[in-house]
Structure formats: C-alpha cells, structure tokens
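Undergrad: So the sequence lines, in the order shown, correspond to chains A, B and C. Last residue of the first sequence? That's 113 in the numbering used here, and every number before it is there in order. Last residue of the second sequence? That's 148 in the numbering used here, and every number before it is there in order. Last residue of the third sequence? That's 148 in the numbering used here, and every number before it is there in order.
Think of the hints as simulated: they come from the structure by calculation, not from any bench. Take every hint as true, because none was put in to throw you off.
Covered stretches of chain B, as calculated for chain A (at least 3 residues, CB under 8 Å): (1) 4 to 14; (2) 136 to 147.
Residues from chain A that face chain B, not an exhaustive set, calculated with beta carbons under 7 Å: (3) Leu77; (4) His78; (5) Met81; (6) Glu85.
Owing to the predicted nature of the structure, the values given are computational and were not obtained by experimental measurement. Don't be surprised by glycine CBs; every beta carbon is placed ideally from N, CA and C.
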Amino acid sequence: MDVTRLVPPAIPAPVRPGEVPAQPAAPAGQGASFGEMLKDSLAQVDQLQHEADHAIRDLASGGTTTLHDTMLALEKAELSFRLMMQVRNKIVEAYQEVLRMQV
Amino acid sequence: MDIHGTLDISASALRAERMRLDVIASNLANATTTETAEGGPYRRRNVVFASQPVESAFADTLASLGADDALQGVAVSGVTEDQTPPRMMFEPGHPDANAEGYVAYPNVNPTLEMVDLLAATRAYEANVQAVNATRRMAESALAIGG
Amino acid sequence: MADLLFDPTMRELASALTLHQRRHEVIAANLANVETPGFKARDLDFATALKDALGAAERDEPPPETTRVVEDRGAPARADGNTVDVDLQMAKLSGNGMSYVALARLLGKRIALLRQAIEGVK
Numbered sequence: 011m012d013v014t015r016l017v018p019p020a021i022p023a024p025v026r027p028g029e030v031p032a033q034p035a036a037p038a039g040q041g042a043s044f045g046e047m048l049k050d051s052l053a054q055v056d057q058l059q060h061e062a063d064h065a066i067r068d069l070a071s072g073g074t075t076t077l078h079d080t081m082l083a084l085e086k087a088e089l090s091f092r093l094m095m096q097v098r099n100k101i102v103e104a105y106q107e108v109l110r111m112q113v
Numbered sequence: 003m004d005i006h007g008t009l010d011i012s013a014s015a016l017r018a019e020r021m022r023l024d025v026i027a028s029n030l031a032n033a034t035t036t037e038t039a040e041g042g043p044y045r046r047r048n049v050v051f052a053s054q055p056v057e058s059a060f061a062d063t064l065a066s067l068g069a070d071d072a073l074q075g076v077a078v079s080g081v082t083e084d085q086t087p088p089r090m091m092f093e094p095g096h097p098d099a100n101a102e103g104y105v106a107y108p109n110v111n112p113t114l115e116m117v118d119l120l121a122a123t124r125a126y127e128a129n130v131q132a133v134n135a136t137r138r139m140a141e142s143a144l145a146i147g148g
Numbered sequence: 027m028a029d030l031l032f033d034p035t036m037r038e039l040a041s042a043l044t045l046h047q048r049r050h051e052v053i054a055a056n057l058a059n060v061e062t063p064g065f066k067a068r069d070l071d072f073a074t075a076l077k078d079a080l081g082a083a084e085r086d087e088p089p090p091e092t093t094r095v096v097e098d099r100g101a102p103a104r105a106d107g108n109t110v111d112v113d114l115q116m117a118k119l120s121g122n123g124m125s126y127v128a129l130a131r132l133l134g135k136r137i138a139l140l141r142q143a144i145e146g147v148k
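Next comes chain A alone, as it looks inside the complex:
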C-alpha cells in the first residue's frame, strides 16, 4: 500500500491581508484534481458497499459465494469507508487551518 497517497495535496498558500481569499473548494490549479479524487473515492466506497450488500444477500440465500469471500467484501467496504472518512477529516483540518491563517 502506498501510504504517501493518503496525504492530501498541498494546502493553498495563506492569503495576504487585503486579498480576497481563494475559494476553499478550488485553490488555483489544484482544486479540480482534489475534488475529483474525492468524488472518485466516494463512488468507489459506494460501489464496495453495494458489493458487500450483494455478498450478504448471496450468502443468506444459499448462493455460490463462500463465507470468507463475504467477510472480505464486508471488510473492504468498511475499510474504504474509514479511509474516506480519514481523508475527509484531513481536508476539513486543512481547510480550518487555512481559515485560521486569515488575519
């Protein structure tokens, strides 16, 4: 697992007094990739949740899935969700820090 990718991209430069603060969601040039990264991960989390639900249904109805595959699907969904939450927390932290920097 490449841990460095867990760290969000650099936060936008602090705003000097008198200047209009940059939009938090789209700092110059980096906003698009960041926002997209979030959207992608959200979609992936959603996808994994659906797969977990499907695995549970399959197991409950006596389908072709195995117990370990079902557990794995559940864990994948949970872990990716937690990862997303951590990333979100990081973003919120960074944003709050930016706000605090304004004089």
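For chain A, the structure is supplied; the task is to place chains B and C on it using the hints.
TA: Below, chains B and C alone, put in the same frame as chain A:
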C-alpha cells in the same frame, strides 16, 4: 461458505452409520433367537449403502461437468436378510428341536458382528470429525473481520 | 482509492481459502462414503489447482469456476471395491483444515494492519 452442503454430506453418513449400528445391535440381541413371529430362527440382517447426491454449490458445478464428478453423501438403500442357512445344533430336549433333534440357530456370528460394530463406530466418529472441522473452518472465516 | 488497500496478496489468500474449502468438501464426501461398496476416493489435483488460482489472483482475474477432481490413489481397493482409507482421509482432513484456519488468520491480520494504518493517520 457452502457450509450446508458439506454438513449435509457428513450428516447423511451419520444417519446411515446410525442405522447400521441399529441393525448390528438387533443381530447381536437376537443371536440365539430360535423362534420368531414369522416362524423359524432369526435371520441376520445387513444394511446396503449407496452414494446419494447432496446439494451444494460446488457439487452443482461439478455435477454440471459430468455425473461422475458430483459430490455424494451416503444413504442406506436397503436392509437385506442374510441368506446363509441357519446353524443346526443337536439339542433333542430343546422345545424348538425338529424331528431329528436339531435346533435351527440364527446365522449370526457375534465375532463378525463385533467387527462390523467397530467399523461402523469408526466411520461414525470420522464423520463427526468432519463436522467439527467444517465448524472450525467456518468460525475462522467469520473471524476474518476481527 | 480502495485499490490501494487490496493488493494481489489478499486476492491470493482469498483464492487459496476457496481452494482449501473445495478440498474439504471432497474429503468430507470421501469420509461419508467410507463404507459404500465400490466407491472410489477422490481428491483435488491440488498442486495444479493452487498454481491456477494464484496465477489468476495475480492477474486480477476471478478464480477458476471449478477445480478438477481426480481419483485418490493413496490406498488400494478393499474387497468391495471401496478405496477410502479412513486414516489417510482423516490426516488430509486435519492438514487441510489447519491450512484453512491459518490462511484465514493471515487474511484477518492483513486487514487489521490496514485498519491500523488508516486509523493511525493523525
């Protein structure tokens, strides 16, 4: 886990061996019964085992490839009477003695029955072990999430 | 982002687990038929099956749908044609079962590690 299929296979064996044990017990209990309701001495009984298909996802996949490969449990397909003639013992004073003074005793050999008993018990226990292994494996799979 | 989390090793572990489970079913069927006249004991072609399963996992493909079941030639036939040797099958049952449990634990530990890596990011 396709736990039900595997458990069904083992359960079928436990049932079959149980019936076999019942028949062996009946043979042993009647080893000297010279007069039965149907007339004549007790006749030794024997179970016949045959493979029996069970439901399981893997078994279904195998079965679709060719009947030979299907996973099978077992069942008692029939209980037969041993056609070996009864043992004739010379006991003129016996109430069931025939005109020549011979009594017809059941064709049950207790030694052979004990051997069968051991085999049936062994098979029963082996399948209990299979059930335990299935359960242990399922438990370890459930613990994957921590 | 979830791709970061689930590398080939985990897929290989999952494939190996499935394989061990299938073998367990075959062994259970052997034990059930230990007294069935004419029954031929069976096993998986394990070495080949494992290679196939791990290869598929590495290439990010789903594991093979089914596994070849072959005749188990570990014991000679008895008088009624049955080739199931209780001792041999019990030994396989034990060994295979322990491998399964070990693999499941390994998978569990991997996941615990990932969880720690995620939660530990402060």
